[in-house]
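Protein chains in written order, with numbering that gives the first Met the number 0: chain A, 0 to 40; chain B, 0 to 217.
You may find that some hints are simply not true.
[Claimed, not checked] What follows is a set of in silico ranges between Cβ atoms, one per label pair, in the way DEER data are often shown:
{"#": "1", "chain 1": "A", "residue 1": "14", "chain 2": "B", "residue 2": "1", "range": "19 to 25 Å"}
{"#": "2", "chain 1": "B", "residue 1": "132", "chain 2": "A", "residue 2": "2", "range": "31 to 37 Å"}
{"#": "3", "chain 1": "B", "residue 1": "61", "chain 2": "A", "residue 2": "14", "range": "36 to 42 Å"}
[Stated by the list, open to error] Only part of the chain A face toward chain B is listed, based on derived beta-carbon distances under 8 Å:
{"#": "4", "residue": "8"}
{"#": "5", "residue": "12"}
{"#": "6", "residue": "13"}
{"#": "7", "residue": "19"}
{"#": "8", "residue": "21"}
{"#": "9", "residue": "24"}
{"#": "10", "residue": "25"}
{"#": "11", "residue": "26"}
{"#": "12", "residue": "29"}
{"#": "13", "residue": "32"}
{"#": "14", "residue": "33"}
{"#": "15", "residue": "36"}
{"#": "16", "residue": "38"}
Worth flagging that the hints you see were computed from the coordinates, not collected in a lab. Note that CB positions come from ideal geometry on N, CA and C, so glycine has one too.
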Amino acid sequence: MKDGLNFVMGVNLVVWFGIAFYLFILDRKIKKLEDSTYNKR
Amino acid sequence: MIVRALLTTWMAVIIIAAFLYAEAAQGFPGETSRILFFHVPQAWIATLAFLISMIASVLYLAKRNVKADYIAQSAAELGFLFCVLATVTGSIFAKATWGSFWNWDPRQTSIVILLMIYGAYFALRSAVPDTERKRVFAAAYSILAFAAVPFLVFVVPRITSSLHPENTMNPASPGMDPKTLKVFLGSLFAYTGLFVWMLRLKIRILTLEGWRVRDLFR
Numbered sequence: 000m001k002d003g004l005n006f007v008m009g010v011n012l013v014v015w016f017g018i019a020f021y022l023f024i025l026d027r028k029i030k031k032l033e034d035s036t037y038n039k040r
Numbered sequence: 000m001i002v003r004a005l006l007t008t009w010m011a012v013i014i015i016a017a018f019l020y021a022e023a024a025q026g027f028p029g030e031t032s033r034i035l036f037f038h039v040p041q042a043w044i045a046t047l048a049f050l051i052s053m054i055a056s057v058l059y060l061a062k063r064n065v066k067a068d069y070i071a072q073s074a075a076e077l078g079f080l081f082c083v084l085a086t087v088t089g090s091i092f093a094k095a096t097w098g099s100f101w102n103w104d105p106r107q108t109s110i111v112i113l114l115m116i117y118g119a120y121f122a123l124r125s126a127v128p129d130t131e132r133k134r135v136f137a138a139a140y141s142i143l144a145f146a147a148v149p150f151l152v153f154v155v156p157r158i159t160s161s162l163h164p165e166n167t168m169n170p171a172s173p174g175m176d177p178k179t180l181k182v183f184l185g186s187l188f189a190y191t192g193l194f195v196w197m198l199r200l201k202i203r204i205l206t207l208e209g210w211r212v213r214d215l216f217r
């Protein structure tokens, strides 16, 4: 039971870090677009 | 950046605590109660998101501020997403506890109706070509749609008999284990932070799209 629990916890952590990484990358891309948009104005 | 890094770390801590620190609740088969550290915050955040969408819609109709429309749309989308997540995690719990993923339990049925109501919101936004009219119709619909939320989320499951557990994972219940309560509240905080992060990103994307469209017509 404990091994199963550790496996599920591991999967959850991998999924969470994947989501967080994606959000960080998205944040940076939006920031670059915002900077170039506001510079044009 | 630091706040987002802290949120990332906090959520990871909560995931570990949910499996290694908190005790499995009594009255549930095996370790199935642990899913409620994720399922309940998802449902709460969906309700919060729909509430924010409704408030932003009221502000849009009152002041015709475009940013209010961006907030309403973004919040509705995230509310829909968290509602889907709550439905999925609830179904996993149902399979483990009641033997099948779907039982047409009042809570399960009411959340599906909620998904359909907000699915119609997005269909409405897509169907109206004129931007100004689309915003007005969507705002009016969002206000009316939220009228169903308290009824479907809080009233229907309580006036009908349901398999859905009520008191065991209720933080207000005096019987809740202190470790469970800490992890539960920590999870609620982490999910709220995640929602705010995603909401801000979505609003910034819509704002950029708005600038781009305006620049095309200059």
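Each hint tested on the structure:
At about 23 Å, the beta-carbon gap between residue 14 of chain A and residue 1 of chain B stays in the expected band of 19 to 25 Å. Roughly 58 Å separates the CB atoms of residue 132 of chain B and residue 2 of chain A, a value that falls outside the hinted 31 to 37 Å. Separated by about 40 Å at the C-beta atoms, residue 61 of chain B and residue 14 of chain A satisfy the suggested range of 36 to 42 Å. Nearest Cβ of chain B to the Cβ of residue 8 of chain A: about 4 Å, under the 8 Å cut. The hint holds.
For residue 12 of chain A, the shortest C-beta to C-beta distance to chain B is roughly 6 Å, which falls under 8 Å, so the interface hint holds. A hinted interface residue such as residue 13 of chain A counts as satisfied when its beta carbon comes closer than 8 Å to some beta carbon of chain B; here the least separation is about 10 Å, so the hint is violated. A distance limit of 8 Å between C-beta atoms decides the matter here; for residue 19 of chain A the minimum to chain B is near 4 Å, and the interface restraint holds. Nearest Cβ of chain B to the Cβ of residue 21 of chain A: about 10 Å, over the 8 Å cut. The hint is violated.
The beta carbon of residue 24 of chain A comes no nearer than 11 Å to any beta carbon in chain B, farther than 8 Å, and the hint placing it at the interface is violated. Restraint check, residue 25 of chain A versus chain B: the minimum CB separation of about 6 Å is within 8 Å; hint holds. For residue 26 of chain A, the interface hint holds, since its Cβ comes within 8 Å of a Cβ in chain B; the closest pair sits about 6 Å apart. This hint holds: residue 29 of chain A has a C-beta 5 Å from the nearest C-beta of chain B, less than the 8 Å allowed.
The beta carbon of residue 32 of chain A is positioned within 8 Å of a beta carbon in chain B (closest approach about 6 Å), and the interface hint is therefore held. For residue 33 of chain A, the interface hint holds, since its Cβ comes within 8 Å of a Cβ in chain B; the closest pair sits about 6 Å apart. The beta carbon of residue 36 of chain A comes within 6 Å of a beta carbon in chain B, closer than 8 Å, and the hint placing it at the interface holds. Interface restraint check: residue 38 of chain A against chain B, minimum CB-CB distance 12 Å, threshold 8 Å, status violated.
When each numbered hint is compared with the structure, violations occur for hints 2, 6, 8, 9 and 16.
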